[in-house]
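Asks: Sequence:
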Amino acid sequence: MRTRITLTALVLIGASIATPGLAPAGQQTKYGVSVKESRPAALANVKTYRWTETHPSFDKTIDAQIIVAVDRELQARGLRKLATGPCDLLVTYSSLSRTDVDLKSPAALGESSELAVGTLIVDLRDPSNRSSLFRVRMDTPIETDRARLEAIINAGVAAMFEKYPRAAAR
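Per the working numbering, the sequence shown starts with residue 4, numbered consecutively.
No lab work stands behind these hints, which were simulated from the structure alone.
Where is the CB? At the ideal position from N, CA and C, for every residue including glycine.
Derived BS3-like pairs (lysine-lysine); straight-line CA-CA distance at most 25 Å: (1) 166 - 39; (2) 63 - 84; (3) 84 - 166; (4) 33 - 166; (5) 107 - 33; (6) 166 - 50; (7) 84 - 39; (8) 39 - 50; (9) 84 - 50.
Quick list of the computed label-pair ranges, beta carbon to beta carbon: (10) 89 - 151: 36 to 42 Å; (11) 116 - 148: 18 to 24 Å; (12) 87 - 146: 33 to 39 Å; (13) 104 - 78: 35 to 41 Å; (14) 84 - 133: 17 to 23 Å; (15) 47 - 74: 16 to 22 Å; (16) 41 - 116: 33 to 39 Å; (17) 74 - 106: 37 to 43 Å; (18) 50 - 151: 33 to 39 Å; (19) 54 - 107: 39 to 45 Å; (20) 133 - 33: 23 to 29 Å.
Can you build the whole structure from these sequences, using the hints too?
Replies: Here it is, written out as C-alpha cells:
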C-alpha cells in the first residue's frame with residue numbers, strides 16, 4: 004500500500020498568482036494553475052465518475068471541502084457521481100505544502116524571507132488503464148485563516164476547472 008503523504012490546506016487566491024523573487028534555492032517558481040495532461044477527445048463523452056484511492060489531506064475538514072469543491076465542478080460540467088460500479092472517469096487528488104525561501108531578498112539580521120506554498124493536484128483518469136485524461140495542478144501561497152478556508156478552496160478548484168476542456172458545439 005502506498006505511503007500517505009502528510010497534506011495541508013490550500014489557500015487558493017486565484018488562477019494566476021505570481022510572486023517574483025520567492026523560490027527554492029536557485030529556481031523561480033511560478034504560482035497559479037497549470038494543466039499537466041488534457042485529452043479533450045477522451046473526455047468528450049464522459050458522463051459518470053467516481054472517486055478512487057487518493058492522498059487526502061490529513062485534516063478531515065479540508066479533505067471534505069476539497070472533495071465537495073471537485074464534485075461541484077464536475078457536476079457543473081454534466082458529470083454524475085457514482086458510489087460504486089463502472090464509470091467513465093476515476094477522480095483523485097493530492098495536496099501538499101512546502102516553504103519557499105527567497106535567498107536573495109534583503110532581510111533584517113540575515114534571515115531569509117519564507118513563504119508557505121500549497122499544491123493541489125486533481126487527476127481524472129481512464130478507469131480501464133488508469134491513464135490520466137485531465138491533470139491540473141495549482142501552486143499558490145497559503146495562509147492559515149481557517150475562517151476563509153472553504154471559500155478559498157472553492158475559488159481555487161473553480162479556477163482549476165476553468166482549464167477543463169469545453170464540450171464541442173454540436
